[in-house]
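Colleague: Turn these sequences into a full structure, and let the hints steer you where they fit.
Protein chains in written order, with my numbering: chain A, 1 to 253; chain B, 1 to 438.
Keep in mind the hints are simulated off the structure, nothing from the lab. Fair warning: this is a prediction, and the values are worked out from it, not measured in the lab. Careful: at least some of the hints might be erroneous.
[Claimed, not checked] Example chain A residues on the side facing chain B (calculated, C-beta under 10 Å, incomplete):
| # | residue |
| --- | --- |
| 1 | R53 |
| 2 | A92 |
| 3 | Y94 |
| 4 | R96 |
| 5 | N110 |
Idealized CB from N, CA, C, for every residue including glycine.
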Amino acid sequence: MNPPVIVNQLTKTFYDDSRGEVVAVNQISFACQAGQIFGLLGANGAGKTTTLRMLATILKPTGGTATLMGFDVSHQPEEVRRHLGFSSATTALYPRLTARETLEFFARINGCPPATVNERVNALISRFGIRDYADARVDRLSQGMKQKVAIARTVAHDPPVLIFDEPTVGLDVLNALEMQKVIAGFRDEGKTILFSTHIMSEAEKLCDRIAIVDQGRIHACDTLANLRLATGLRYLEDIFVHYIERARTTETR
Amino acid sequence: MNRPVASPPAQRESGLNWRQVGILYRREFRAALREKTILFNSILIPIFLYPFLLWAAFTGMMFVMGQTETLASRVAVGQWPEQHPRLRHQIERHKQIEIARAVVGEADASEAIRRGELDARIDFRHPDGKAGEMPGNFAASITFDQSKDRSVAARERIQEIIEDYRTTWVERETMARGIHPARWQTFTLDFQNLASESEMGAFVLGLMLPIIFVVMVAVGCFYPAVDAVAGERERGTWETLMSTSATRPSVVAGKYLYVATMGGLAGALNVVAVLLTVKPVFAPLFEEAGRSLKFSLPLSSVPILMLAAVLLAGFVAAGMMLFATFARTFKEGQSMITPFYMLILLPVVFLQVPGLKLTAALALIPVVNITLMLRESISGDLQWLPMLVTLIASAGAILLILRLAAFVLKFEDVVSGTFQGSLFKLLRLRLRKTSRGT
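Modeller: Shown next as structure tokens:
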């Protein structure tokens, strides 16, 4: 059976007024299995977000291919999005809707059968513990409450693939830990999860496979245990630096 | 900022999905009704602002007129005509005229009038030429300041007294000579207004309503258009929306219909509010001027009004959405839409041209055609051919703008909001690229 997410030679090129042509993502390839968390680990500007946005069909690839649940991101964007839950620091909630209305909207717009929407929304409200403020407007909720609603809306249509782009950015320690638990819970349910971060401890704790990304390229991609074996280093931070320095040295030569 | 090096392979997006359009439309509308700025500008202002403005303006005008009426006119008199003591008596006994005896010289009086300390000066003198040969004849000269309301009122009062006195004097003198006034007052002048009270009311409404209607539709579309695109980007919900399975055309259609609805709603609400308040505001004013008007909308103009609301809101919403597409913040959105907003209001000037009718040629000009169609439908004078041309021309203009919007939204950086610039910059860059390519 094919992996739910297959990325092959994916490339994205931009034109920047000051820098000219910029290759943001350079022929990257990887695959993600169901019930696994695949982590993209890289510094800011490494190309993680661009990659995930291409998979979410928000950006169009300049080259290469990617499929999600067998649907091509370039040619079947709606089908891709229907099977995907996308969450990032820049995907905010509608402040003037209540938590319940938010979940209903995202369930409906993502193709949930109308007859099952209420049941699904109630289930999400129970699961994420937002019953007490389900009918309060989002702009009146605390950061922690908003975060729960944001996660619930990402899975409102029960997608098999989830993308979390730096999901803990801007969260305090407790909320960040809560978020990590929720993501781990989705993996245990058998969902395929793509996760980007620049926080080593997060990747170390959550990811089943890690891709080390720098300057639009993947320099290593394996399980943490295999990365440790390959480098002889214990900490992910050291492993990350090892691969980045090696890549940059090779490039300089 | 970033823009693609070359047009990337187009993603195959399906067309409109009306179920999605409905879901998006309901979400936009529900959120809009909870937003104070939109609620205020698109619902409350149309209902209350213009009726209130009309009431305030006319109440203020009546108040000022009343104030001027109650003020006595301070008048200096150069030299009374000796043979007309009755005239002197009438002027001196007039309740709203005070004779200023302190001001004597002509130069002093002029200076005092300029300073506002005196309202007018009358100089009676012996007339020149043939008129001087008539016994008891005189010439009166009134000095006043046209720029001062009180001075103008003084002139009118003196003029009225002298003219009334002259008529009475002439009648008395001719009667004394055995000539009945009917023999020398040969020509009489009388007026007959054929317009009914309803027709006069329709005329006044036809002048007023289309202007207010255009302004209100534009105001009604303005904030929703900015909020639907720039507002989403500023709040960070744009990317959330783009990551849903809604097709891009469905997103655009949902937002467009929402903006058009808000504009149409604002226009319709305003018309209703004006119609409900125009009677108590205007009718007493015209009654005071000796005219009685009936303000009611002809039944036949209701469907035309609805058609006008749909066409105008459709056109304005399309234009505003097109410009707002390039805005990344609410402020940017406002500044990008404002020139279009001003442009829409420009054709309102056409309504002020006396005798201007909706012709087939004028029916080709967007907004102008709708305002004229509206005016003629209110006055019950609508021609079918220009109306048909208006319908076709407006629908064509809407389609043209929507096609341009669809073209603009093919650019990834415009959709994602990373393009820095306006519609004109994009077209310039794109056209340059095309001309290089060829």
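Colleague: Look at each hint and say if it fits the structure.
Modeller: Hints, one by one, checked against the model:
no. : hint : in the structure
1   : R53  : holds (8 Å)
2   : A92  : holds (3 Å)
3   : Y94  : holds (6 Å)
4   : R96  : holds (4 Å)
5   : N110 : holds (5 Å)
This entry satisfies every hint, going by the numbered hints stated previously.
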